[in-house]
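Colleague: So the chains spell out like this:
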Amino acid sequence: MQLTPRDAAATLEREFLHIRARLLELAADLDRLDRGEGTLRDDARMKQIAQALQVLSQRGPGRAERVQMIFSRAYDPQWKEQFRPVPKPR
Amino acid sequence: MFYIDPHIHMISRVTDDYETLARMGCLAVSEPAFWAGFDRGSVDGFRDYFRHLTEVEPRRAAQFGVQHYTWLCINAKEAENVELSREVIAAIPEFLDRPNVLGIGEIGLNKNTPNEATVFLEHVELALRHDLPILIHTPHLEDKYMGTRMILDMLADFPQLAPDRVLVDHVEEHTVREVLERGYWAGMTLYPVTKCTPKRAADIIEMYGTERLLVNSAGDWGPSKPTAVPDFIMEMRRRQHPFEAIQQVVLDNPMRFFGQSPNFKLQLPGQGASVVR
Ligand SMILES: [Zn+2]
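Just so you know, the protein sequences line up as chains A and B, in that order.
In terms of this note's numbering, the first sequence opens at residue 1 and continues consecutively.
In terms of this note's numbering, the second sequence opens at residue 1 and continues consecutively.
One chain only, chain B, in its complex shape:
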C-alpha cells in the first residue's frame, strides 16, 4: 500500500532506510527541523542544517524514488535560548523558497517554559507573514497534557490562523479529542515505548474516525522504527478495516494537509504529471 510518512528525521537515518521505505510503498517523507542531540552554537549552525534538509536529504531520497519535503524552525528545546532563536527565525526566510519546504515546524513546547512559549508565538507570526502551514511538536510524557493545552490556548489567540493549516503532532488518548474538536489536524507518532503504538493508534482511529488524523514514525536517532507506518497499516488490515479508511489515514490525509503548501507536488507512481489533492 502506498503511503506518506509525514514526520521522520531522515538526517539521523542511514541510506538503507530510504531503500526500505521505498520497498514498503513510501512515496514521500516530510522531515521537520528538530533537535540534533546537542544545542547548536550559532545561527550558522542552523543555516548548515537547513541546507542539509533542503539539499542533501532530497537528493538521498530521490535515489530511491522517495520524495523529500521539509519544515523549518528552531525546535522547542533550543528555543530556551531566546536570543539565538530570534536570529534563527530571522534567517529562515532565506530558505523558504527552496522547492521542498512545506512550512514552519516542528515548533512547540518541550518543558512548557515562558521562553519556549515566546519563541513558539514568534514562529506562528513568521508562518502567518509567509502564509505557510505549521507543524507542531507537543511535549513528551508528563508534560504533554499541559503543553498541548498551552499550545491550543496560544493558537486561539491568532484568529487569522485557519485551524486546518495546523497539524498538532504526537497526540495520544488524552490530547487527541481537544485537538480535533478545535479543527486542527492531529498526528499520532508510533514509537515502541514513549508515544503511541500501532495498536493504540488504530484504537484512536476506531474511536474518532479517519478525518484529519495522520500517523508517522518520527524515526530519528532515538529508539524509533522508520517502518512504523507499515506496522500501523498491518494492524488495520488485521482488524479488517476497509482499504479506503486505511488509505485515507496514511496517504489522502497527508496529501490534503501538505497540499495547502504551494511546494507540495506529489508524483504518484505511474503518473507523469504531478497531482495535488
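So that you can see chain A by itself, here it is in the shape it has in the complex:
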C-alpha cells in the first residue's frame, strides 16, 4: 500500500517546535565542543559533522540517506577477491 503524502503546512505545524529544539540542541553541542580544551582539527569525525551540516542546508530529497552515507564506510564491489572462505575441515 502506498500512503498519500501529508500536507506540508500541517507537517510544519506539528514539527516546528521539535525542529527548533533539535537545532538548538545541535548548536549547543557544537558550542560545547568549541569550548573544550585542546583541538579537534585532526579528528575525522569533525569533518563528518561538517559535511553532514552542509547536507542539511541543501535542498532535498534524500538528505537523511546522504547523511547516512557520510557516516558509512564505502562499499567495495571487489570485496570477494580478498575474502576466501575458511576451508571446511575434511
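No lab work stands behind these hints, which were simulated from the structure alone.
There's no promise every hint is true.
Using C-beta positions, here's what the derived DEER-type ranges look like [what the hints assert, rightly or not]:
| # | chain 1 | residue 1 | chain 2 | residue 2 | range |
| --- | --- | --- | --- | --- | --- |
| 1 | B | F2 | A | D7 | 28 to 36 Å |
| 2 | B | E211 | A | R63 | 41 to 49 Å |
| 3 | A | T39 | B | P114 | 31 to 39 Å |
| 4 | A | E13 | B | P159 | 45 to 53 Å |
| 5 | B | N263 | A | E13 | 41 to 49 Å |
| 6 | A | G60 | B | L96 | 45 to 53 Å |
The list that follows gives simulated cross-link-like pairs (lysine-lysine, BS3-like), each with its CA atoms no further than 30 Å apart [claimed, not checked]:
| # | chain 1 | residue 1 | chain 2 | residue 2 |
| --- | --- | --- | --- | --- |
| 7 | A | K80 | B | K111 |
| 8 | B | K77 | A | K88 |
| 9 | A | K47 | B | K265 |
Quantities reported herein were computed from a predicted structural model and do not represent experimental measurements.
For each residue, glycine too, the CB sits at the ideal point set by N, CA and C.
Guided by the hints, dock chain B with the ligand onto chain A, whose structure is given.
Modeller: Using the frame of chain A, we list chain B with the ligand on its own:
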C-alpha cells in the same frame, strides 16, 4: 492495536516487560539468537541458550498470553571463532523440531570479516538444507552499508534461495531500497540513538509503502525500548495514516513472513482456532 514484535531479546528483559507488551496489544514476539554480552566458551553454552529460547521464554510469555517464537544460530560477533561456529551449526538441528522455532537467525555480519562471511554462508546452507526462513542482522553504524551490500552479494550466490524467505533486519535510509528491490523483507529497528527512530521508520514507510516492511524494538540488554513498536503505531496515527496501512506493517507483514514457517500458528484473541495467513 494488535501487533507482533518480530525482533526482541526477551532473555534480557524482565517479566514485567511481557505484561507491558501484552497490555499494549502485543500478540507474539520473535526472539532471534544473539550475542549474550560475552563470548560463550563452548558449544554446550549454546545448547543451554537454545534450551532457554525454546523452553523458558515461551513459558514466561504464555503467562501473559503472548506467544513466543525464536530463531537459532551463532551470532555474527561470535562467528569470528569459526571452529566453535561450526560446532554450533552442527548442534542446531537438535533443536529445530521444537515447536516455537521459526528458522535460522539472526545471522549476518558484525565487522565484515572473512570469518564472519564464512559462518554466514554455512548458516544459509543449513537453512536451505532444512527448508527454513532466514533472519539477518546487518552491522552497526559505519559498517552497515558495506556489510549490507556484502550480505546481499552473498545471498545472490544462492539461486535456490527464494528472496521472500529472507528478512534483512536493521535497515535504514541508505540500505532499505536495495533490500526491497531485490525482493527480500526488510526490518526497521526502533532504537533511541543508534538505528531508526519511530519517526524515521514512518518516513521510510511513506517513501517505500507498506509492502515487505516490518518494525521491531530489538529490545535487549542495551539502550532499547521494548514498547517501541507501539511508539511507531502512535507516530503513524499522529500522521493520520489509515488503520489498514499501520496494521499491515505491525501485524499482517510479520504474519505473512513468519507464516512460511511450519511452526508459526498465531492464535488471534477470541479465536479458538489458529490461523496462518
Ligand atoms: Zn537482535
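Colleague: Taking the earlier hints as the rules, which of them does this structure contradict?
Modeller: Violated hints: 2 and 9; rest satisfied.
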